[in-house]
Every structure is written in C-alpha cells, then in structure tokens.
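K.L.:
Protein sequence lines correspond, in order, to chains A, B and C.
Each residue of the first sequence is one higher than the one before, starting from 1 at the first, in the working numbering.
Each residue of the second sequence is one higher than the one before, starting from 1001 at the first, in the working numbering.
Each residue of the third sequence is one higher than the one before, starting from 2001 at the first, in the working numbering.
These aren't lab readings, by the way, just hints derived from the structure by calculation.
Please note that the accuracy of each hint is not assured.
Part of the chain C face toward chain B, derived, beta carbon under 10 Å [stated by the list, open to error]: (1) D2030; (2) V2057; (3) L2137; (4) H2140; (5) V2142.
Computed spacing ranges between beta-carbons, pair by pair [stated by the list, open to error]: (6) C:I2077 x A:H140: 48 to 58 Å; (7) C:A2062 x B:L1075: 28 to 38 Å; (8) C:L2086 x B:V1173: 29 to 39 Å; (9) C:W2007 x A:H140: 33 to 43 Å; (10) B:Q1026 x C:W2007: 28 to 38 Å; (11) B:F1080 x C:W2007: 54 to 64 Å; (12) C:P2056 x A:G164: 31 to 41 Å; (13) A:A71 x C:R2088: 50 to 60 Å; (14) A:A71 x C:T2167: 50 to 60 Å.
Note that the structure is a prediction, hence the values are computed from the model and not measured.
The beta-carbon is built from N, C-alpha and C at its ideal position, and this holds for glycine as well.
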Amino acid sequence: MSGLIYWLDLAGVTIFAFSGVIIACQSRMDPFGMLVLGAVTGIGGGTLRDLVLGVPVFWVAAPSYLWVILATVSLSILGFHYIHRLTRTFLPVTDAFGLALFTVIGSHKALVLGHAGIVAVLMGLMTGVAGGMTRDLLAHRVPMVLRQEIYATASIAGGVVYAGLFTVGLNHVPAIGLALATTLGMRLAAIYWGLSLPT
Amino acid sequence: MSGLIYWLDLAGVTIFAFSGVIIACQSRMDPFGMLVLGAVTGIGGGTLRDLVLGVPVFWVAAPSYLWVILATVSLSILGFHYIHRLTRTFLPVTDAFGLALFTVIGSHKALVLGHAGIVAVLMGLMTGVAGGMTRDLLAHRVPMVLRQEIYATASIAGGVVYAGLFTVGLNHVPAIGLALATTLGMRLAAIYWGLSLPT
Amino acid sequence: MSGLIYWLDLAGVTIFAFSGVIIACQSRMDPFGMLVLGAVTGIGGGTLRDLVLGVPVFWVAAPSYLWVILATVSLSILGFHYIHRLTRTFLPVTDAFGLALFTVIGSHKALVLGHAGIVAVLMGLMTGVAGGMTRDLLAHRVPMVLRQEIYATASIAGGVVYAGLFTVGLNHVPAIGLALATTLGMRLAAIYWGLSLPT
C-alpha cells in the first residue's frame, strides 16, 4: 500500500514540477529559475502537509524526490522548444492530474495518522493547491484555485469521497481510484466545458 | 484560563474567516474560492505560530475550528447579498477585531511555553498578520499590514502590553482585556481618523 | 565551529534585515512596516529551513537574533535620509552577501544533521532565497530569484561546493570560505556585467 502511495506521489511531484517549468518558460526565466519554480510547485504542497501533520518532510527523508525534480527540469530544458509549442489547454490538464494525485495522497496521509475526516479533506486540499498557488504567486499570475473554474471544489470533492470510502473500510486501491476519478473528472469537465460555480 | 483562550481563538478564527469571505466576494470568487480564502485567513496565522513554536497545529488537534470556518463561509454565502451592501469601513473594522484577538493569543501561547518577551511579541504579530497577509496576497491586494495606517504598530503595542503584564504576574483576564483594548483601540483610532505614522 | 556559524548567521540576518528596510523605504512604508519587512527578510529563510529540518526554530531558541533585527531597523530609521541616497546597485550587492551567507549556513545545518548532499544544496537555496522572495512578494516586486540574472544558480553552486568539500572532509573554515566566495563571486559578477543564463 505505501508502495502505491510512493509511486503516485512521485508521479504527482513530476507532473507538478513540469507545470512549474512550463510557467517558468512562459515567463522567460533562466534554467535555474525553472528549477526553483519546478521544485516549489512539485514539493511545496507536500512540504506544508508534512509540517502541519508534524511528520518528517517527505523529501528530506527520501531525497529521490529531489532527483526526480532535477531530472524533470533537465529534460524539460532539453525539450524546451517543444514546450513552447504546447497548446493552451496542456497546462491546466497537467495541473489537474497533479491536483488529483496530491489531493488523494494528502487525505490518505492524514487518515492513516488517525485524524478526523474534515482534517483529511483540508489536508488533501492543502497538498493539492499549495504548490500551484505558490507557483502562480511567484510568476505573478492569479492562482488557478482562485479563478472561477471548479478547482478547490474538485479537490474537496475528491477528499470527501476518499475520506468517506476510507471510513467505511473500502479496500484502499479502489478508494484511491474513485477519489482520483472524482477530482480529475470534475476538473477536466470544468476545463472542457468552461464550467464554473455561480458567484 | 485555557477555556477563555479557546473561545477567544474561536472568535478570532470566525472573524478572520469572515474577512476572507468578504474579500472573496469582492473579487467575485466562487463558493469554494470563498472557502479557501476564508480558511487561509482564519487559520493561516495560528498555523504558522504553532509550527514555529513546535507544538501541534491547533486545528489538527481540534477540528472544531474547521467546522466553525465551514459554518461561517456557508452562512456568508446565504447572506451573500448583504455582504455586498456592507460599508467600506466594515472590512477593516472586522479585521481589527481579528488582529487584536490573534495578537493576544499568539503572545499568550509563547509566554506560557516559557519563551522570552520579544519572542512573544513577534509571535503575537505573526499570528495576527500572517493570515490577513496571505489573504491579501492571494486576492492581489497590497497587504493591510504594509500600507501606511497603524497596523503592525497596533499589534506590537498589544503584544508588548500583554508580555509586560504577564511578566509582572497580573491575573490573566485583565491582562488579556488591556492588551485587546490596546491593539483594538489603536487600529480603530487609525481607521476612524485615518492616522498613520510618519514615513 | 558552531560559534563561527552563529556569527555568520547573525551577519546574514542583519544584512537581509537591512535589505528589507531599504525596500520598505522605497515603498514608503511606515516604521513598523519597515520592521515587518526587515524581520521577514532576515529570519524568513532560516525559519523555513528549521521547520523543514525538524529542529527548533533558531530565533525562538536564541532571541538575540530578534534584538539584532530591532537594532538594525531602528538604526536604519535614524539613518533614513542616507538610505534614500544609496545607489541603485547597493541593494543587490547587499542581497548578494546575505544570499552567500545563508546558502552556506543552510547547507551546513543539513549536512551536520546527516542529510544527503542534494538535500543540503536545496536547504542552502531555501535558506538563501525564501526571505528575499517573501520580501519581494510583499512589496509587489518580481522576486530577484525569478529575474534573469544568475541568482538561484549562484546559491546552488555555493551549496554544491560546500556539500562537496564537507563530504571529502575538508576542514570547515576553508570550506565555508570557498563556498561563500563561489556564491558571492557569481552574484557580484552577474550584477557587475549584467550576466544572465540563456533562456
């Protein structure tokens, strides 16, 4: 089980680091600016989660995460010219996968430590949005989470689904799958149809 | 004593969460954007305080804080049309109450843990301003604390009063009252008369 | 050894606090806004470092750091008119010294705790850039680290040099000197010749 979480976490870190690199490219940063933005986006949310939960920060305990970020950023620099040709929807779709993965992992970590459902939902939200929020703040963009599309909503829904299934004792793998599908489905639908909640 | 602190803390969280909701409304965010901004403002400062003090984060230990934020945001959404009619001074006045409450609670927590007076003053300031600062950054506003009105000044003054009275052993309830009155009085006076320090 | 680190750390805190005060002056903040920006810049990076490393936050354990910031800001207010006459390159040069000092101290702290080299490099980078990044975000400037000049690059280079020399067991004082010279030399060269990496 913790093996699956580890791999999902690595995937989330890679995806979010890549989203940071894309924005750094668009903002014409130099390679190490790209590294900073990739790292902040990839590990920002999980770092905050571990600090708040009072457990050792994941990438200090397992530096492999940092090598993955370094590799992601390096490969992105080599494939730089392709990044500039990516369509406008590529970034939000990438971000949606990262959001779904980090939401589930954040909720999972809190529940395994015995915290209440509402704490787990918030921890999922924090893990999912903090990295991307810092990325957008640093690049002088309005954070995705605060624009009108369904974003925090999708993370909270995924967290509620996961906390509910975890509490009723559903085997973890289907619970993870359903929660991932909830967040990802809502975000992709919002991107595809331009959905938003009423304001 | 810790009962009084708990209730003051709940009041501060509610007030600051509400200030986050008001700004989210003004920035035309959707209901979950309002929830994110309400939560960040309500628990941001106390989270940073607990992390720095090395104690368990308050809302992880007592999830009732999160339900209070959820209720505050939900009621605000129902009363949405009234929020739009609030006068321009309502927000800074609300924020002043939150600032006073969080300043005293932050200083109190540090002093009870045996830290030096200057640490307690800074902890009060951090608890008081970090949530609102993040709220303003996320909503692309210049943080209140960095505009020219007396803001950090009021928090530092309240913290100094509380640390002083705590050190001379004054019974806690009057010490809390005097410190609250100091911060609140200075902020409200600054808002009412448009006071500012010379630059 | 830890005595040397302590003095270098105090020097870094003072220098970064002063850089915060300069920017606060330029943004026409009041004295307590200057105090907030000075404190955030001076202790922001080290606070994040200690939280992530899971050790007591340095200025909570040793409040002398806070008195140093208070003195730096107070003296700056007295010398206010001179700050306005500083040349445009004074701020980045000051910042370069702070960056070099904090990079080495951050890497040193991580290595002494037994962490991997890549963790130490990132910790040096985080300690070096987090305070200044928050300073620039609060003052509505594009963070230096994300502009095109060699900035993160200089910190990473210094961290790599220090981690390498530490690992091969070089006596600490020359290792500190060489790492400081690496970061500082790269930054000053970048400022002097307007160097940047290709984007």
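K.L.:
Take the hints in turn and mark each one as holding or not.
P.N.:
Hint check:
With a least beta-carbon distance of about 4 Å to chain B, the hint placing D2030 of chain C at the interface is held under the 10 Å criterion. Restraint check, V2057 of chain C versus chain B: the minimum CB separation of about 5 Å is within 10 Å; hint holds. Interface hint at L2137 of chain C: satisfied, since its Cβ lies 6 Å from the closest Cβ of chain B, which is below the 10 Å cut-off. Look at H2140 of chain C: its Cβ gets to within about 7 Å of chain B, closer than 10 Å, so that hint holds up.
For V2142 of chain C, the interface hint is violated, since its Cβ never comes within 10 Å of a Cβ in chain B; the closest pair sits about 14 Å apart. For I2077 of chain C paired with H140 of chain A, a C-beta distance near 30 Å fails the hint of 48 to 58 Å. Checked against the hint of 28 to 38 Å, the C-beta distance between A2062 of chain C and L1075 of chain B comes to roughly 45 Å, which is inconsistent with it. For L2086 of chain C and V1173 of chain B, the hinted distance range of 29 to 39 Å is not satisfied, since their beta carbons lie about 49 Å from each other.
About 37 Å separates the C-beta atoms of W2007 of chain C and H140 of chain A, a value consistent with the hinted range of 33 to 43 Å. At about 48 Å, the CB distance of Q1026 of chain B to W2007 of chain C disagrees with the hint of 28 to 38 Å. Between F1080 of chain B and W2007 of chain C the Cβ separation comes to about 56 Å, which falls inside the hinted range of 54 to 64 Å. About 38 Å separates the C-beta atoms of P2056 of chain C and G164 of chain A, a value consistent with the hinted range of 31 to 41 Å.
Between A71 of chain A and R2088 of chain C, the C-beta spacing of about 39 Å breaks the proposed range 50 to 60 Å. The given range of 50 to 60 Å is broken by A71 of chain A and T2167 of chain C, whose C-beta atoms sit roughly 22 Å from each other.
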